[in-house]
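Below are the chains, spelled out letter by letter.
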Amino acid sequence: MSKLNLSKTWNYAAATESTNHILLKEKYDLFINGEFVKSNSKKYFDTINPATDEVIAKISEANKKDIDLAVKSAKIAFRRWSKLKAKERGKYIFRIARMIQERAKEFAVIESMDGGKPIRESRDVDIPLAANHFFYYAGWADKLEYAFPNKTPKPLGVAGQIIPWNFPLLMAAWKIAPAIACGNTVVLKPAETTSLTALKLAEIIQESGLPKGVVNIVTGAGNTGAEIVNHPDIDKIAFTGSTNVGKLIQKSISGTKKKSTLELGGKGANIIFEDAAIDQAVEGIVNAIFFNQGHVCCAGSRLFVQESVANIVIEKLKDRMSSLIVGNPLDKNTDIGAINSKEQLATINKYIKIGQEEGGEIYQSKCSISKKGNWCPPTLFLNVSQSHTIVQEEIFGPVLAIQTFRTIDEVIEKANNTPFGLSAGVWTEKGSKIFKLTQELNAGVVWANTYNKFDPTSPFGGFKESGFGREGGLHGLKAYLKFE
Amino acid sequence: MERIDVLKTYKIFIGGKFPRTESGRYFHVKNDTGELLANMCLSSRKDFRNAVVAARKVQKSWESASALNKGQVLYRIAEMLEGRKSQFMDELMMSGSSKIAAKKEVEQSIDRLIYYAGWSDKFQQIFSSVNPVASSHFNFSVPQAMGVVSVIAPNKFSLLGLVSVVAPVIVGGNTCIVLSSEENPMVSISFAEVLNTSDVPHGVVNILTGKRKELISHFASHKDVNAIIYCGHNNKELNEIEKLSVENLKRVKIYKRKNWGDQKNQSPYFIERSQEIKTIWHPTEV
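Residue numbers (this note's numbering), protein chains in the order written: chain A, 1 to 484; chain B, 1001 to 1286.
Rather than coming from a laboratory, the hints here were simulated on the basis of the structure.
Computed from a predicted model, the values in this text were never measured in an experiment.
Mixed in with the good hints there might be a few duds.
As the list claims (entries may be wrong) - Using 27 angstroms as the maximum straight-line C-alpha spacing, the simulated DSS-like pairs for lysine-lysine come out as follows:
(1) A:Lys-38 to A:Lys-151
(2) A:Lys-85 to B:Lys-1085
(3) B:Lys-1099 to B:Lys-1278
(4) A:Lys-43 to A:Lys-87
(5) A:Lys-85 to B:Lys-1243
(6) B:Lys-1099 to A:Lys-85
(7) B:Lys-1278 to A:Lys-83
(8) B:Lys-1278 to A:Lys-87
(9) A:Lys-87 to B:Lys-1243
(10) A:Lys-91 to B:Lys-1030
(11) B:Lys-1223 to B:Lys-1030
(12) A:Lys-38 to A:Lys-25
(13) A:Lys-72 to A:Lys-83
(14) A:Lys-353 to A:Lys-318
(15) A:Lys-85 to B:Lys-1030
(16) B:Lys-1236 to A:Lys-85
(17) A:Lys-64 to A:Lys-259
(18) B:Lys-1103 to B:Lys-1011
(19) A:Lys-91 to B:Lys-1103
(20) B:Lys-1264 to A:Lys-85
(21) A:Lys-87 to B:Lys-1030
(22) B:Lys-1278 to A:Lys-453
(23) B:Lys-1264 to A:Lys-154
(24) A:Lys-453 to B:Lys-1060
(25) B:Lys-1211 to B:Lys-1278
(26) B:Lys-1156 to A:Lys-87
(27) A:Lys-430 to B:Lys-1046
(28) A:Lys-478 to B:Lys-1156
(29) B:Lys-1264 to A:Lys-151
Stated by the list, open to error - Here are some of the chain B residues that sit facing chain A, going by a computed Cβ distance under 7 angstroms:
(30) Leu-1068
(31) Val-1252
(32) Val-1286
Note that CB positions come from ideal geometry on N, CA and C, so glycine has one too.
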């Protein structure tokens, strides 16, 4: 097939988003009881721009004493917050939604600087969805009795919430909005590499007039998280992150009265049938695995292509990969930004090495990569099977493992043959096939002829070792209520 | 020299514009002491028919706006109303409300808009179902807007009553033509000004002032109106509406409530009353 190649004559001019309008402090303290306070640890760690290796700001490290203060303030705030008229509770949350909308651009730029994701994604996905999430759950505050007929829903108390670095503000919204709408108070810990937008959210929360202590935001790494999980006055743990840490948390709260919801890892099967719209499906494959550098728990990291169309799909996919722009996250042309951290880059590279050692055939798109920062070109592996490590384990990077199949029963069997069960994708123009697959696939979310779609009204969460509980939609309320 | 006040001309609200009634007629609105408050438009059949055209024209696009968008528009109405709270209180007090009652009515109206803004992307989750049919089909039922709804607004609670009836109609994707309170119509036209500065697409809400006696038959008989909501207790009016609505099997919803301030008079069922239910079958066998 002859290809039109314009890359030599036409290059994209840089279209870099300006950073001169953002407000950042040099140092960020902990947000406890409505105020920014210094940590008792007196320690700060750097938050680094993964595209340039530059230090953006210093972030406070919360220790046991800080967590104790945060939980106490949440516990005291709970008394009044849970008794406040539900519609007034809702109004505070509406305010937060509106204020995020007003400052959306600033948040988008900071999100891309701190996390490495392309500005197009933070601008069009992360930030608007975060605002919409608050808007959606604000509306539920005074309507809970309609969601659970014949029950009297009551809040749980203090929720300890620990979130990952892949969608920093969005995950904060997913956690905080339903929790406080239901009348709980929270202590939230962002991931150590991406604390900034959560701390900016703390500023908004302060400006919104939300009663003190309803939301506390504490920063730090794993140890800080452990202090939250183990604090005796925490009533509920909501965790999004790796399956390993999820299991550790579940172990440490066993035997206590703490409730939990876990949103963990995945190894999503993305299934392309021969009767799919091929070009659309190729676009879908790209979106499924390369969206947010593949730092997506529901990424379509296992591709299953029906044998009869495998050659053409793979050829088109390689073509498409070669046109993806890897580079400056703040450039509006960028498709794939920086890998979130050095540690994560090392993990991805480890898996790429294992994939090759185990006999996989690697293909990476050629792209010039800056010497500074953390980068990984879009990568795919052919000649792999169910037993390969890169087919079984979550890589959390832009690495796709491709297998082929002949029959529908075969692909269902293969897709379900994993301890995970978070997501799956199906590509076919035949409606009945879609519904057959959606019924048979053991995954919490199944996308048909689309992938990586999120909405505040739509429940999200996994089967099996991808965790339990749902976030989003009516079902997301249940994680923060008890029924007496 | 003493400054002379500029008095407001109250017109009607059709398709995002404020025309005078084509009939050229008016009626007096007076306060308790008989003092003239305003000359209101005495809307005609022709005004109503124009409003139906405006409402029909925008209905599909309003319905297909995302639930999120509709919710934000309703929230925006509340924001605008909050900013003009004192104006609405003044208007309600001019026509006899006490200050306390006026404040309460305006605040409840704002809160009710927020309440229905919140339902925009939730009522579907309450009223939809997946139906476990015995055959190999995926079968589900979802609400869908009825279309154009004519509304005879409550006479008492001229603002809160209007908001309580209109908000659930439009949040569900319908468009409407409202006959305002006959006793105190001024506030409804001021509310139209709020709607017109709140990102509500032109024609989604149309508001007429006038006499029930003259207009009810048109509200009930128009063939391009899908449903009618009647607020009141007059059995003669009700009978007329029920009879005339039969012609195109217009859905008739009757609200005999007296106290629109009561929290019981807000619920998702107000939305559901102007929704049809659509059931969809899809095979699941390959």
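**Message:** Between the alpha carbons of Lys-38 (chain A) and Lys-151 (chain A), is the straight-line distance 27 angstroms or under?
**Reply:** violated (43 angstroms)
**Asked** Is the straight-line distance between the alpha-carbon of Lys-87 (chain A) and that of Lys-1030 (chain B) 27 angstroms or less?
**Response** Violated - the C-alpha atoms of Lys-1030 (chain B) and Lys-87 (chain A) are around 36 angstroms apart, more than 27 angstroms.
**Prompt:** If you take the shortest Cβ to Cβ gap from Val-1252 (chain B) to chain A, is it below 7 angstroms?
**Reply:** violated (25 angstroms)
**Request:** Given the hint that Lys-85 (chain A) pairs with Lys-1030 (chain B), test it: the Cα-Cα distance must not exceed 27 angstroms.
**Result:** violated (39 angstroms)
**Request:** For the pair supplied as a hint, Lys-1278 (chain B) and Lys-83 (chain A), confirm whether the alpha-carbon distance does not exceed 27 angstroms.
**Result:** violated (39 angstroms)
**Request:** With a cut-off of 27 angstroms on the C-alpha distance, tell me whether Lys-1264 (chain B) and Lys-85 (chain A) pass.
**Result:** holds (16 angstroms)
**Item:** Pair hint outcome, Lys-64 (chain A) versus Lys-259 (chain A) [Cα-Cα no greater than 27 angstroms]
**Value:** Since the Cα atoms of Lys-64 (chain A) and Lys-259 (chain A) sit roughly 21 angstroms apart, the hinted pair holds (cutoff 27 angstroms).
**Request:** Please work out if Lys-85 (chain A) and Lys-1243 (chain B) have their alpha carbons no farther apart than 27 angstroms.
**Result:** violated (44 angstroms)
**Satisfaction of hint between Lys-1060 (chain B) and Lys-453 (chain A), Cα-Cα up to 27 angstroms** = Holds, at roughly 25 angstroms.
**Message:** Given the hinted pair Lys-1223 (chain B) and Lys-1030 (chain B), is their Cα-Cα distance within 27 angstroms?
**Reply:** Cα-Cα ~35 angstroms, so violated.
**Request:** Assess, step by step, whether the Cα of Lys-91 (chain A) is no farther than 27 angstroms from the Cα of Lys-1030 (chain B), and give holds or violated.
**Result:** violated (37 angstroms)
**Prompt:** Against chain A, is Val-1286 (chain B) within 7 angstroms by beta-carbon distance?
**Reply:** Interface hint status for Val-1286 (chain B): holds (5 angstroms vs cutoff 7 angstroms).
Hints 1, 3, 4, 5, 7, 8, 9, 10, 11, 15, 16, 21, 25, 27, 28, 31, counting from the list given before, are not met by this structure.
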